[in-house]
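Visitor: Chains as they are written, first to last, in numbering that gives the first Met the number 0: chain A, 0 to 231; chain B, 0 to 231; chain C, 0 to 231; chain D, 0 to 231.
These are computed hints drawn from the structure, not numbers from a lab. Any given hint could turn out to be false.
[Stated by the list, open to error] In silico lysine-lysine, DSS-like type, Cα no more than 30 Å apart, as pairs:
#: 1; chain 1: D; residue 1: K61; chain 2: C; residue 2: K61
#: 2; chain 1: D; residue 1: K61; chain 2: A; residue 2: K61
#: 3; chain 1: C; residue 1: K61; chain 2: B; residue 2: K61
#: 4; chain 1: C; residue 1: K61; chain 2: A; residue 2: K61
#: 5; chain 1: A; residue 1: K61; chain 2: B; residue 2: K61
#: 6; chain 1: B; residue 1: K61; chain 2: D; residue 2: K61
Protein chains: 4
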Amino acid sequence: MLASLPRPRPVVHRHPGTRIATAGGESLLHVGTSRLESFSDGVIAVAITLLVLGISIPNPAKHESLIYQLGQQWPQYAAYVVSFVTIGIIWINHHAMITRLDRADHSILILNLLLLMTIGILPFATGVMAAYLREPQSQSLAAGVYSGAFLLMAVAFAALNRHILLARAHLLSAELSLDERRRILARSVTGLPPYVVATLLAFVSSYITLGICAAMAIFYALPVASGQGRQA
Amino acid sequence: MLASLPRPRPVVHRHPGTRIATAGGESLLHVGTSRLESFSDGVIAVAITLLVLGISIPNPAKHESLIYQLGQQWPQYAAYVVSFVTIGIIWINHHAMITRLDRADHSILILNLLLLMTIGILPFATGVMAAYLREPQSQSLAAGVYSGAFLLMAVAFAALNRHILLARAHLLSAELSLDERRRILARSVTGLPPYVVATLLAFVSSYITLGICAAMAIFYALPVASGQGRQA
Amino acid sequence: MLASLPRPRPVVHRHPGTRIATAGGESLLHVGTSRLESFSDGVIAVAITLLVLGISIPNPAKHESLIYQLGQQWPQYAAYVVSFVTIGIIWINHHAMITRLDRADHSILILNLLLLMTIGILPFATGVMAAYLREPQSQSLAAGVYSGAFLLMAVAFAALNRHILLARAHLLSAELSLDERRRILARSVTGLPPYVVATLLAFVSSYITLGICAAMAIFYALPVASGQGRQA
Amino acid sequence: MLASLPRPRPVVHRHPGTRIATAGGESLLHVGTSRLESFSDGVIAVAITLLVLGISIPNPAKHESLIYQLGQQWPQYAAYVVSFVTIGIIWINHHAMITRLDRADHSILILNLLLLMTIGILPFATGVMAAYLREPQSQSLAAGVYSGAFLLMAVAFAALNRHILLARAHLLSAELSLDERRRILARSVTGLPPYVVATLLAFVSSYITLGICAAMAIFYALPVASGQGRQA
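Chain A on its own, in the form it takes in the complex (with noise of 0.2 Å):
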């Protein structure tokens, strides 16, 4: 390092965070990913922590005694379950997918917005998955609610991921062949196809839905997926 060379732009040291890039004249606002990361953890963070508010506790009021409560609740125990992995997983996909980026501009951070918000829904359709779970008229939609939104989530999910590594490659901060890239949108897509047949079969038998989404929590938390199909 040169005395002459005093180190250009240490602003991007000194606020990690953000940073604006005027290029040509023109303010175009480029945001470093830090604050985005911890306004997407927020955001995250509290969804994940509200699903703990669709477990009811039970009523003392209540002729049944507190075990039968407790039992007859099962299925919002399994939707806390299944919900909590999945948006856990959620986060470390995101946390992977904001760390491939040097920065962002806006259509990245309204795209993530839009993510965020099929995040945020996930309390409202699991309170809907564990109140209808064993109603024989309703159960169906309940659970195609249910892996319907576990569905736009990852819609939502990939279409940014897409949008980040082909639309704004030259946002990332290493270089990648398109090869690459391509194979990383590839994993990120694959986990699209089991939550199509999830709500598909939600007409069948609600308890297969939730049995698949289930599964694919499981699948995504084994070490087996964070070499391949995770990470995306």
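Chains B, C and D: place on chain A using the hints.
Guide: Using the frame of chain A, we list chains B, C and D on its own:
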């Protein structure tokens, strides 16, 4: 950058978030913007995620079918989406606004707190709108509360931005000419009239108000807004 | 810097938030303040945003009009605003208090946890105040709970500040004379008497108590407080 | 600084949170611990603050006076305090555990997620305890659920700590001898037996269980625990 300018105050590098500038013996607290950002991010992330609590989970004990109940509560979905995107865009703009600051003083912290307060009530305003959108008697008032809350938020945002750009220009991280600062501020203010109109038209129809608020959210989310209208 | 000393413990620079100081073979945990700040910010941000859940959304099924219902719940708005600004100011002061610290030890973490606990119950105390402000029988008790909760928070704050400034002065990032530390502490303690008075006067009128709490919030928000009274 | 020492891996300084270590051509994701910490902090901060929703706001429409209603719900206060301090201590310990890590891999992220899931259900377990503490029929089960949830959390914590210290020792930021690692782990495991006892004694009396859980919280909060028992 000349060698004779040895970058004063390297302390910034060790504790990027906070620092105490002792000017002239008097102890004035100047706060780095990191923790201001992280607190604001937290409040905005919680507020945006709490919106989901405004979508009520249908009740299996009711006579109506799940599909009917889900259909009936479409105003909740519409209000959720519009509010989510609007808060998300405010977050993006807040980010841009704070990025310009090198450090904050007491007045900025307090005005920022008032802005956060207007964001914090949006889950309430959204809930009122969703509950009364189709009530003949009260829909106007509900829509007025809704867009009135957005208007309040936009006013608080513009007030803070004005304070930063005009009264606290010496706290900016990069020097901006008065013209530039006025242009940024003008963009910030252009968001106000549509919300005034939306609030006034609430007394014609709540649907028009919701439509204007939705159009605002879409406009600011579009790429075209990123260069000119947004980023204020 | 000699070539044989390759930058001792760069770990501190790489993980600014945390570090382990191993003094004399004994493993004492000294925690950097970054994560202490981020956790505290999180709790305070969630608590301040949960306040909105204390404003009940009017029910279209009720006979009363929306405007009547909204008007009836003005104590909820008043309590919301006072609590929001008070928590916000505590956040600013917490920020200033932690900024003085270079690192934290176990005792600071625990006292900080107790402070956060007193902040965490404010949504409850605010809800009690809002529900009973106009109840002839119980308004005194409700107002006492309300300002009592603020008093408790102010006591926890002063206790932590006293512990840091007097018992843990060696953990401060800059050396402060005993006089300076006592002056800072004195400012911290001046907030207590008004809350004692507000709590006692609750048994005269709940409105007086609310008024004193509101006056406290306004006083600390004013610029005049930033130099002298605040910042403790 | 000599010209021959060009500061290896400055990337770490630019993006302290995340980095991708590409080892031997295979793309293994190694995650810096910053964002792991910030996400965990977020979940723990939300969970600890949601506890307040378990304290119900008395209803003015009821016949009982406010003072009677407040008095009746003392189990809610007791459960709130015990759970708040317990979660707070888990946060401190989590902090110490993650501090030892230089970076995380998939298995650590997943085990951490399971730990967060056990923390996330504590508002539910706390609510059950508070609701049934004095119900003759069901208090044993409620207390068992309560301390059982703490036990589950302690097991998840010890499992993650064991995984880090024994199976992933190469990811630690400082080299620790096997003896040291075993000693740290042993401290981590000493928290389990009291919760086992508390869960078993739930079938004698819910008050004993609550007392043991409270004693655990107080013990770990005391200074004496910081050197020896805590910090696991």
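Visitor: Hints first: check each against the structure and report whether it holds.
Guide: Going through the hints against the structure:
1. K61/D with K61/C: Within the cut-off at roughly 18 Å; holds.
2. K61/D with K61/A: Holds. K61/D to K61/A sits at ~18 Å (cutoff 30 Å).
3. K61/C with K61/B: 18 Å, holds
4. K61/C with K61/A: 26 Å, holds
5. K61/A with K61/B: 18 Å, holds
6. K61/B with K61/D: 26 Å, holds
The structure shown violates none of the earlier numbered hints.
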